[in-house]
Structure formats: structure tokens, C-alpha cells
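**Q** Going down the list, the sequences are from chains A and B.
Taking the numbering used here, the leading residue of the first sequence gets 1, the next gets one more, and so forth.
Taking the numbering used here, the leading residue of the second sequence gets 116, the next gets one more, and so forth.
Don't take every hint at face value.
Heads up, incomplete: computed chain B residues facing chain A, CB under 10 Å, no partners named [to be verified]:
1. VAL119
2. GLN121
3. GLN124
4. TYR147
5. PRO149
6. TYR151
7. GLY156
8. PRO159
9. LEU161
10. ALA164
11. THR209
12. GLY211
13. TYR215
14. THR219
15. GLY220
16. ARG222
Result set (PhoX-like, lysine-lysine): computed pairs, CA atoms no more than 25 Å apart in a straight line [stated by the list, open to error]:
17. A:LYS53 with B:LYS183
18. A:LYS57 with B:LYS214
19. B:LYS120 with A:LYS57
20. B:LYS214 with A:LYS70
21. B:LYS120 with B:LYS183
Source of the hints: derived by calculation from the structure; they are not laboratory data.
No residue lacks a Cβ here, since even glycine has one placed at the ideal position from N, Cα and C.
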Amino acid sequence: DAGITQSPRHKVTETGTPVTLRCHQTENHRYMYWYRQDPGHGLRLIHYSYGVKDTDKGEVSDGYSVSRSKTEDFLLTLESATSSQTSVYFCAISESIGTGVRGYTFGSGTRLTVV
Amino acid sequence: QQQVKQSPQSLIVQKGGISIINCAYENTAFDYFPWYQQFPGKGPALLIAIRPDVSEKKEGRFTISFNKSAKQFSLHIMDSQPGDSATYFCAAFTSGTYKYIFGTGTRLKVLA
Chain A
1 DAGITQSPRH KVTETGTPVT LRCHQTENHR YMYWYRQDPG HGLRLIHYSY GVKDTDKGEV
61 SDGYSVSRSK TEDFLLTLES ATSSQTSVYF CAISESIGTG VRGYTFGSGT RLTVV
Chain B
116 QQQVKQSPQS LIVQKGGISI INCAYENTAF DYFPWYQQFP GKGPALLIAI RPDVSEKKEG
176 RFTISFNKSA KQFSLHIMDS QPGDSATYFC AAFTSGTYKY IFGTGTRLKV LA
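Please work from the sequences and hints to get the whole structure.
**A** Set out below in C-alpha cells:
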């Protein structure tokens, strides 16, 4: 998927444990995003990054933190996983595709189950 | 805060029929409207997109109809095929920003 790799693809974890999801890109894009996908809610933005060490919150950021120490890697951490964080997580990059317009490319997702 | 409302939530269409998915938005600053297609186990992928200076865009069997005054846009899939069975998301974007606003998705099933 356009040089975006998410790991792991599947994970089951216990409530209260920390979890880190990784997104790796080979495209050298500046903007990266983490979304979660849930039935009835579509895709909701958790956090995004506009450069190394530059990140900002999305609409559902509570309980999540991110880090970006290198252009190619964007990490999403659940500090203390809860059952409400059971979801499919997608990483995306965006690139300029026209005047002021950006196009998104998504990774294949990580299915996280918190038991 | 739902700025893009998508309907229906699910849709079943016979092979060869027309699938229609609708989206409505509120923010008049949006100026780019893409549709994404997602197959099970995959990430969403760009299908077709439109800017508000045109009322229709067609790519093969897929057409976006855009009504700027009503703040609505829709995806039409002509001659729907079982291979079109997927989840479809509309989205909206404002030039100069960096975030899409997505609709809640429509699960389409095309019966053979």
C-alpha cells in the first residue's frame, strides 16, 4: 500500500496493559495520521503529525499518545488499554495532489482486541 | 461533531443495478470531496473525487453528482457487480488544511 506498513496486523491484549502500534512509511511524506474505525462511526482521527516531533490531537485522542522521532515512523501508544479501545487502527499518509489538495493513502490496518 | 452525514448505513443491490450513496455536509469551506472504497481486511483506497466547480464527474461505472446549493454529493455505481461489494466512505477536505472529515461509511453488498 504505497509504502506504508503497519505492525502488528493483529493483537490481543489485556485491559490495563500498554500497547504500541507502529506505522512505517518509505515515501518520506511529512504528514502522517492515525485513525480508528468502528461500526457506525466510520473513520475518526486520533492524532496526526506534520513533521518529526510535531504532532497534534484529533477528535478522539483521549487515552492515546503518539511519537514521531523519524520521518518514516509514527507510533501510536495506548498507555493503559481499555475495552473501548478495541478497534481497527489505520495509519495514513497524505501528499499534495493538486493546488492545496492532499490525497490520503492508508495502510492495511491493525486489528486490536482488548480483553 | 459529525460534519459529513452519510446514508444509507448499508445497501443491498442486485447485480446490474444502480447503487446510490449520499452524503451531506455543513461546512461551506470544504472544497474537495473524495470517495474511498474499502474491501475487508484492507485500508480504504481512493476511488473518485470531485471539486465543487463541477456538478458531475464520471470514471467508468462510478459517478459523483455534486449539488453545491444543497450541500450534498452522491456516489452512483452503474451496473453494480459483486466485486463492488465493499464499504464506501465519503469525505470532505478544505484546501490548505491537512485533515479529511469522513462520513460514517456505507456497506454495499451486490447480489450475484
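**Q** Under the constraints set out in the numbered hints, which ones does this structure not fulfil?
**A** 17
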